[in-house]
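Residue strings, one per chain:
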Amino acid sequence: DQQVKQNSPSLSVQEGRISILNCDYTNSMFDYFLWYKKYPAEGPTFLISISSIKDKNEDGRFTVFLNKSAKHLSLHIVPSQPGDSAVYFCAGTQGGSEKLVFGKGTKLTVNP
Amino acid sequence: KAGVTQTPRYLIKTRGQQVTLSCSPISGHRSVSWYQQTPGQGLQFLFEYFSETQRNKGNFPGRFSGRQFSNSRSEMNVSTLELGDSALYLCASSDRGPLTGELFFGEGSRLTVL
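As they're listed, the protein sequences go chains A and B.
Per this note's numbering, the very first residue in the first sequence carries number 1; after that it's consecutive.
Per this note's numbering, the very first residue in the second sequence carries number 113; after that it's consecutive.
These aren't lab readings, by the way, just hints derived from the structure by calculation.
Ideal Cβ placement from N, Cα and C applies to all residues, glycine included.
Ranges between beta-carbon positions, derived for each pair:
#1 A:Ser10 - B:Gly196: 22 to 32 Å
#2 B:Arg127 - A:Glu58: 43 to 53 Å
#3 A:Lys56 - B:Asn183: 37 to 47 Å
The calculated DSS-like cross-link candidates involving lysine-lysine, where the alpha carbons are at most 25 Å apart (straight line), are:
#4 B:Lys169 - A:Lys104
#5 B:Lys169 - A:Lys5
#6 A:Lys99 - B:Lys169
#7 A:Lys71 - A:Lys56
So that you can see chain B by itself, here it is in the shape it has in the complex (with noise of 0.2 Å):
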């Protein structure tokens, strides 16, 4: 079974510019949650999605948003850039079997904001 693929691994914007980051699931979850980690923070959950549904969100600003395609493949977009949204952003999916909040992380996307 493929795992959760993440695109692009690596990206350089400026201040001000757009993102687009891409996920697709491990087949058959139908489960996607965003994190994003920085040395300062650590992991800082971002938000969740289910059946296309935004489920839960953590404390971010509203220049980070996401959704989820019928086939579970989400994408997250964070807008008007700032250089401390220089992060890893990883995806992880989840089959929400047993309740145990296991999660299966993908590689994530490194983002330089310069």
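Just chain A, with the same shape it has in the complex (with noise of 0.2 Å):
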């Protein structure tokens, strides 16, 4: 049982529009959802996170939208840099535990 889901393993985009990543999750225990980056031969980078109390969250260019009557959140990333070219993971938790879920990615590929 796959309780959260990346449905696009790629995306491709061009620097300086937009990127959109997605995810949908079927737990409704959540009451956290965070978003890391990772590059090759390194490990996960958190990015930003949500509580499920919020519909948004901003950090700069990062900015997660969560939908809870859909059960999905979404990444979105202005202006896209060739620097953000990476694997994008989406992770849910509940009750602050350290105990992620996370979903298989999606390697975002920003083209200068």
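Fit chain to chain and form the complex, with the hints in mind.
See below:
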């Protein structure tokens, strides 16, 4: 049972445009969601998070939107930069636990 | 502040052997979690330790075990290795501050089982 799904394995965008990465979840007990970015040969690094009591959180070029009724969240990167090229993982957790349930990731390529 | 350090970075074992991986968390972090990353399954939670106690465990067989020491360093062990255990094993630490679930990951130990 895949509780967190990232249905797009890859996404390609032009530099300067918006990147939108999507994530769906099935576990309604999740109360916190996170996005991680992973470069090859490195561990994932935390990008941005959102509590289930909010519907939007913004940090610089990165904004995460949460639609609880649809059990859907998305990460917007504006403007996209070539250095954003990486694999992005969405994750959910419950009660602040370190047990994160990850999606399988979306590989973002930002073309110069 | 030094990041999460994992050793060894790469290792090759054969089926039936056992392996021990080590993780040193960020100084001051008391929680250590382990994740397995494979191409087919993505990132999957193995277990989490806090103050030398296992607090959470994922859905892995008993061949996967771990422990945490009083200095918060952690080890995980996989016994009777199988080909399917080939994966990147990631350790993550957190300071258990605000309940954000934010984890700081190491670069991982890449295990190949032949």
